[in-house]
Each structure stands twice: as structure tokens, then as C-alpha cells.
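Chain order of the listed sequences is A and B.
For the first sequence, position 97 matches number 97 in this note's numbering, and the numbering has no gaps at all.
For the second sequence, position 29 matches number 1029 in this note's numbering, and the numbering has no gaps at all.
Treat the hints loosely; a few may be bogus.
[Claimed, not checked] Label-pair distances were calculated between CB atoms; the ranges are:
{"#": "1", "chain 1": "B", "residue 1": "Leu1049", "chain 2": "A", "residue 2": "Gly403", "range": "46 to 52 Å"}
{"#": "2", "chain 1": "B", "residue 1": "Asp1025", "chain 2": "A", "residue 2": "Gly345", "range": "42 to 48 Å"}
{"#": "3", "chain 1": "A", "residue 1": "Asp362", "chain 2": "B", "residue 2": "Ser1033", "range": "16 to 22 Å"}
{"#": "4", "chain 1": "A", "residue 1": "Thr466", "chain 2": "B", "residue 2": "Asp1025", "range": "39 to 45 Å"}
{"#": "5", "chain 1": "B", "residue 1": "Ser1009", "chain 2": "A", "residue 2": "Leu443", "range": "48 to 54 Å"}
{"#": "6", "chain 1": "B", "residue 1": "Thr1010", "chain 2": "A", "residue 2": "Gly345", "range": "39 to 45 Å"}
{"#": "7", "chain 1": "B", "residue 1": "Val1045", "chain 2": "A", "residue 2": "Leu352", "range": "28 to 34 Å"}
{"#": "8", "chain 1": "B", "residue 1": "Leu1049", "chain 2": "A", "residue 2": "Asn29", "range": "39 to 45 Å"}
{"#": "9", "chain 1": "A", "residue 1": "Pro442", "chain 2": "B", "residue 2": "Ser1009", "range": "53 to 59 Å"}
Just so you know, the hints here were simulated from the structure itself, not pulled from any lab data.
Yeah, the Cβ is synthetic: ideal placement off N, Cα and C, and Gly gets one too.
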Amino acid sequence: MTGPRVGGARTDRAQLNNASLGSLPLLKNERIWNATDFTGVNVALAIATWAFLVGGFTALLVGFQQGIAAMIIGNAIGLCFMVLASVVSSQRYGIEQYTLLRPVFGVVGVGVLVFTVILITEMGWSSLLAIMVGRAVTQVSNSAFSTDFGPESLLVTFFALLAIAVSWWILSRGPVTIGRFNKFIAPGLLIVTVFLMVYLVLNTSVETLFTAAPLAPFEDDQLNFMLAVEFNAGVGVSWYPVMGSLARLTRSPRAALWPAYGGLLVATLIAQIVGMAAALTLGDSDPTVWMMPFGGPVLGAFILIFIAFANVTSTSSIVYSTVLAVRQASGKLLSRVRWAWLCAGFFVLPALLAFFPGFMYDKFMLFVTLSGAFLSAMCGAIIADYFVLRRQHVSLRDLYLPGRASAYHFNGGVNWAGLGAVIVGAAFYLWIYNPITLATHPLFSYTTASLPAAVVGGVVYFVLATVLYKRHSIGDFVDGTAAAGASAARIEQA
Amino acid sequence: MDAADVTTSTELETRLGVIDTIERDDPSRRALSGADLSLFVGVSVVITLLGILVLAL
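The shape of chain A in the complex, shown without the other chains (with noise of 0.2 Å):
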């Protein structure tokens, strides 16, 4: 998502159309956003309905003072290790962070990843996005026309289908027409948080809100609890996949490294916190059932409206960054195909899962922690490289450098260590607390899953890594420099 939620930031579309468009490293006059501008990128991002959906989720769970405390810990959690992992190596290098992810898991393993954790990621949130807004439709209809349409039925699919397919086509525009779209779509939504939050503070008491119970709990409050943590630390990490494409566009580490964490944290705490008041009082976690009541038919309508405008031009958003990535790992196979055909591909599975709206909305919470299972096991990985084995200094022309001319290269583009990490780190998450079944293992009650899943990975990384490629100087591990260094040797064979 390199550049679409401009709104409020200052910058030169141009530049930002030129930077955002390639994995080229960015020089300092293409790097336009100080801290303010990145800020306001962030809070932009964060004020998403994605956040009304976490909110709501949230609710089901557990009341509003845990509830609170819960998106507090888990979003603190899993924004700090997402933030290490991708904004500060890309604000660095000015790459995006898929290019970066070379040194750690090689060209091929990047690919691997990219087709598999980050692909599947961004599909469910697209497809969700999208049954939202067939939900959203449906209630128009409903208030407007006295129709009956269940929350299951086909007209749900019917318009989630249309919205990927505007979706598709504001992606295939490119990005800036998703900039233009989001520079209205960023504001509204923030007016939209705001009368949520002004119609609860004058309809709702703070002792109603406080004494509400959970929608649908499970019988133990403290898994009940630590399952809403390890929810919101799983959305905290989601972030990853596009944090460092706009990282890159950074003047300082400083301007990079606050803005990411605070921006992204107190707008979504803010909007989750509405989201989830919204939810306590109305007994339903789905963002599209509080609008009438709360708006009435004419403002509630034109509310709905909105938000399903806001879901298409999110949906391009996210989908933007991943289908760059899908471009680049896929290295020949897929560079020329059209662009326009590359994000329709990406749309065949969501459209698929369209059809199933029930299905996404009920295996939401399973969705993202499974995502965030694997996504905390690479973020740990990428630190412990980053971090510990390379101190911050990676060779930047041998990320470029094609096959065994790079000393990234490691055993057939693929560095074991961090896929190794990768699988290790999730399987242990998915042993300390399984999404599938709910099993947990007594330490999920003090250490949520994420955060010991981004410690074994990054633990495991940093031993396979050093017995299978440092000791035996692969990697570049001891000699990188922090700039365009590369061994004459390789620059010669390539």
C-alpha cells in the first residue's frame, strides 16, 4: 500500500507515483514525509472500518473496561515487533520491505513467503472488506425498501462481488487514483468515528458501558481475555505487509520510527474503543448493523454508503503493496504480465470466498491469529538479523545483484535459517495457543502467543543462521557496509 492514504500529508504526487511504483532504493529528495506527514499517513490508516470490525470482534469476548485493557496490551505488543521488523530497516535504505526481506529468508524464500503468509493475509482482509460492504448494501435495502435480506443472502454477494470489482478497478489505475480516492476517504471516516463517539456519549451512560456484558464468551474470563489480547496483538502485526513501503518515504529514523508506533496505536485504540462501545450497546459485533439505529434512515443510509465506499478504496490500498510483491518475487515469471491482470488474479480467491459471507465473518478472529502466528514468527526472524546478526548494515548492491552473484544468495535463493525460523516459530505459537481447536498451554494466560512466537523465531534464526551460514561466512553477516558495498568477486560475476 505505497502511498494511498496521502490525505492530509504533504507531498508531491509525482514523486510519490515515481517512488512508490518501484524497489529501487529512494535518494533523499524523493524522501518527502517528516514526522507530522507520516503521522498523519498513519492515523489516516488506522481510521479504517477495519478497526470498527476489531472493536466489535473484541466485544464478543469480553466487557468494556477489558476490553480496553486488551487493545491497549495486545496493539502494544504487536506494533512494537511489526514496527522493529519493517519500518526501520526501509526508512533506512529507502527500499520497500519485500526487497529487505532477502538477507533474511533469500530471493526464493522471500517468494515463498510472499505466495503463501502474505498473499493469503491480504486475501482475507480483501474479501472481508468486501462481504462488508454487501452487508452495508443490504441494510440500505433493507431500511429503505422493506426488504428482508439476511446478513447471508445473495444480494451480500451480489455487491461484494461489485466491490472487488471496483476495487479492481481503482487498483488497475494505479496508485495515485487510490491517493485521490483516499484523501476524502480519510476524513469521512474520521467524521464517522466522531458522531459514533458523540451519539454514544449522549444515548450511553459510562455505567452501562462499564456493567455491559460480552456478546459471546467463552465460560473462562481469563481466556476470554487473553484471546482478546492475542486478537488485537494479531492485528497490531497485520500491519507488516505494508508498513515498510511507506517507511521508505521517511526523511529520519526518528520521523519513521514515533509516527509508525504512536499514529497506528492511538487512532486504532481510538476507533477499536468506538467500535466496541458501539457493539456493548447495541448486542452485535458487525459495524453494519449500527448505523441505522444509530444515524436513522436517512444518515444511518448515507453512513453506510460511505463505509462501503471506504471498504473499495481500502481494499485497493492493501491490495496494492501485495500485488507489487507478488510482481517482484515472482522474478521473470510474472514481470510482464499487465498490471491490470495481475490484481485480477489476486481478486479470484476473494471473490470466491464472496460467496461464503458468513463463513468470513464467523472465522475472523481465527483468520488473523492464524496470520499473526506466522507473521510474529518472521517478524522475530527479521530482527534477529537485522538487529543482532548484521547491526543494522546490509549490503545494498547485493540485494540487487542477480543469483550467486549475491552474496544474499545463500542455498539456491533460499536462506533456511529464516524459513526454518518461520515454521519453528509458528508451530510453537500454535502450541502455546491453537486458534482452531482453543487449546491453550498454561503460559498463553501470562505471554499471549504472539510474542513468545517473534522470540523463538528470532532465537532459532539467530542459531541456524550462524551455524549454517555465518560460521562459514555466507550471507555477508560480518562484512555488510551500510551503503552500495559488494565484493569486487561479485560484482565481476554478475
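Fit chain B to the supplied structure of chain A, relying on the hints for placement.
Quick look at chain B alone, frame taken from chain A:
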């Protein structure tokens, strides 16, 4: 290697050259300092503790 590849390769070389010479010590390319890193992790821990405090209230 077609024309597009050549253009990209030339552009990459130009950029690597600029980064290696002109921007090498520029503040925008500075590594995150140990103090900044410690502060960042510390703030994250404090916010997590704040969440626990909210729970305990």
C-alpha cells in the same frame, strides 16, 4: 536483457553511486541508535503495563 532491464540497471547504478558517495553519512541514512531502540522498547513495555493497570482498576 531488454531495454527496460537496461534502464532499470542504469538507474540502480546511479542511485547506488549517489548513496555510496553523497548520502553515505546523511542523517536520513543513520542507523537507529541504541538509545532510540531502548527508548522505543521501553515505551512499548510501559504502554503494555498501562493496559494491565486499566485491567486492575
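That 42 to 48 Å hint for B:Asp1025 and A:Gly345 (C-beta), does it hold up?
-> Holds: the Cβ-Cβ distance is about 44 Å, inside 42 to 48 Å.
CB of A:Thr466 to CB of B:Asp1025, is that within 39 to 45 Å?
-> Taking Cβ atoms as reference, A:Thr466 and B:Asp1025 lie about 30 Å apart, which means the hint is violated.
For the range 28 to 34 Å, tell me whether the beta carbons of B:Val1045 and A:Leu352 fit it or not.
-> violated, 43 Å
B:Leu1049 paired with A:Gly403, Cβ distance criterion 46 to 52 Å | Given a distance of about 49 Å, which is inside 46 to 52 Å, the answer is holds.
Does the hinted range 48 to 54 Å hold for B:Ser1009 and A:Leu443 at CB?
-> holds, 50 Å
Evaluate the given range 39 to 45 Å for the C-beta pair formed by B:Leu1049 and A:Asn29.
-> Holds, since B:Leu1049 and A:Asn29 (Cβ atoms, about 42 Å apart) stay within the stated range.
Measuring from beta carbon to beta carbon, are A:Asp362 and B:Ser1033 in 16 to 22 Å?
-> Since A:Asp362 and B:Ser1033 have Cβ atoms about 46 Å apart, the given range 16 to 22 Å is violated.
Hint check for B:Ser1009 and A:Pro442 - Cβ pair distance inside 53 to 59 Å = holds, 55 Å
B:Thr1010 paired with A:Gly345, Cβ distance criterion 39 to 45 Å = For A:Gly345 against B:Thr1010, whose Cβ atoms are near 30 Å apart, the range 39 to 45 Å is violated.
In terms of the numbered hints stated before, the structure departs from hints 3, 4, 6, 7, listed from lowest to highest.
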